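Peer 1: In order, the protein sequences belong to chains L and V. Numbered continuously in the working numbering, the first sequence closes out at residue 385. Numbered continuously in the working numbering, the second sequence closes out at residue 385.
What the hints contain is simulated information worked out from the structure, not anything from laboratory work.
Since the list can't tell identical chains apart, any single copy or any two copies may satisfy a pair.
Within a straight-line C-alpha distance of at most 25 Å, the following computed DMTMM-like cross-link-like pairs (lysine to aspartate or glutamate) qualify:
1) K32 to D127
2) K155 to E72
3) K82 to D116
Source: prediction; values computed, not measured.
Residue-level listing of the chains:
Protein chains: 2
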Amino acid sequence: MIFSLTLNWPPVIEFGPGKFSVIPDHLAECRKVFILADMPFLNRAEELSETLNAKGIRSLISTDVVPEPPFEALERLPAQVKAFGPDAVIGIGGGSAMDLAKLVSVLFTGEQRPVDIIGTNQVNRRDVRLITVATTSGTGSEVTPIAVLTDTREKLKKGVVSRYLIPDVAIVDPELTVSMPPSITASTGMDAMTHCIEAYTNRYAHPIIDNIALEGIRWIGTHLERAVKNGNDLEARTAMSLGSLYGGMCLGPVNTAGVHALAYPLGGEFKISHGVSNSVLLPFVMVHNLPECVEKYAKIAEVIGVPGGSSPETAAKKAIRKIRDISNSCNIPPDLKSLNIPESAISAMAEAAMNVTRLLDNNPRVITLEDAERIYSNAWNGILE
Amino acid sequence: MIFSLTLNWPPVIEFGPGKFSVIPDHLAECRKVFILADMPFLNRAEELSETLNAKGIRSLISTDVVPEPPFEALERLPAQVKAFGPDAVIGIGGGSAMDLAKLVSVLFTGEQRPVDIIGTNQVNRRDVRLITVATTSGTGSEVTPIAVLTDTREKLKKGVVSRYLIPDVAIVDPELTVSMPPSITASTGMDAMTHCIEAYTNRYAHPIIDNIALEGIRWIGTHLERAVKNGNDLEARTAMSLGSLYGGMCLGPVNTAGVHALAYPLGGEFKISHGVSNSVLLPFVMVHNLPECVEKYAKIAEVIGVPGGSSPETAAKKAIRKIRDISNSCNIPPDLKSLNIPESAISAMAEAAMNVTRLLDNNPRVITLEDAERIYSNAWNGILE
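Just chain L, same shape as in the assembly:
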């Protein structure tokens, strides 16, 4: 096999319990730091601010994080940040906080508006240092060139993809994830699992990324239930942080596919969180993709510890069921009707999903409008095949 790939990862990834404390080491030449933090991490942000202050570095803290950020969230924040004039931006939190920080870091100067940068390679530049600090094990945004916005008018999520969104430093500190409640641990963890599975089985799957994705599936598949059951289990948290990091490392080079495409309308229209949307849809999209993914699903079965089947087909089906079982045992809603989505919404959602061509194109098996309707319908009823 002859293959090519451009790998764009942050030049520094600080992984491990306690790594939050090394953030100041990466700000040596900065004078003013803007910190955007999810509210529950305000105290950690303040602690960081004090440490920086002792080193003569000023900081401005904001907790103005809107979940699944709409365009409007980027109307007031950049102006405040511009007035402060930082030379570094730090995002502390889940995907929304980190994505917002990433977007602010390229938008605050006012040179480009949010609408200008939607799509791929539309960002012109970034002049400040950018540090992401992940507090969930799910999004992987700490290492990706991607940020996602909600277009509230079109009721659809839209992606910004640019090398200028890749942080200079990613901090992945499992201790920060210990306080996550079980429901968030579960949905963000299954989101990370989805990143790995969609990268591994991607139409544009790549040997370099396959290896990372499969490791991610292994770490998450063997530790998510433990992390949900006991949030203080630092071993399980460390494993989940690594699995999530691996998921994020896949997202730049290969990116996601059908699950994410079909999840977008759930977020845009029904405000279902990104993690829950992906978790619920994952097994149903896997069933659709099965004909193209038998060998790879069989490999997934192997790494998540499902006893081997009599044939790759049997093992592949067992993998799908095991993924659904992990999701269910973590108390993720089993189907769309449990999310109070009306069955009548299916055809509009399927039409909306068809617009996410950027991700649908990555899917290992074509998803037509009819396929999307059938997948949503199965996911609504909770029918796995």
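Fit chain V to the known structure of chain L by using the hints.
Peer 2: The following block gives chain V in isolation, referenced to the frame of chain L:
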């Protein structure tokens, strides 16, 4: 398991056939580029220079690469480079060319002398862009924070380790490796294999790096003989480039161990190339390390396609033999006496190796002076056990 790690890799790794041509994309904001190239790549350097010239970027080319560079090599080069005043340095070649380019990039301003930066974290800064272009599949230097110099007085290799030596862009283009003669393909390939095996079985081995190292062992173990046999086999070259890249990715976080420590005196005293020194010593050090590495060697056996043994011990021994067989079938000298090293040199070499504490400390099993003498003696006689 709870674990921590700092990952420092180049923010851009361009991997694949033809990637040499994207170098100018990574020099958009540069005006003057210093190119240090191994002589056989002078024409490629000139081709690059012309492309840059058409974009208004001036360049200065040097082929002043000394193999296993001594300190003196860094006496004249930095002055020439300073006079030119580049804002980017590109190293095109094997480990020596890339290491020299890395060293020049931090030394040419004259702020620090070579002797000042020996050791870990002694480099103060780097103000120019640095791009490494690998033309062998071996060193992995294109992605490491390491450069190695020969101390001709002490007759010993000395390492410089610094985050300022990590390039901004690493170009790994298998097409550049096609012209490598079989002997260099073999020794550099076994060097890369050594990086992976020493990282995987390291005393400070790490789950994140284990995965990369084992993939490297797999790609190299299954493709080196093909690449040696037919240099134009681009599939084998691509596999070797990836294996070598993986080896390099291990070197920052975990680094090498006993093989490299024992190889240093062969280079310093007898001018045996780095690749050959490591290749010849590898199986003999593996025998010494076996008691601490049974499970990991058994895993190596698995990934390089050695039929399973009746026990992990059997599989582990088969792995050592297979590594030796690959080396031999690539026409690497089987022992130290074939390298014309006098048997009488063993005790002095063992004493010299004992000074490489930085690497000996990484070895999975303690190597005493007596152990080193025994390993050299077995390697001299070609006695695998």
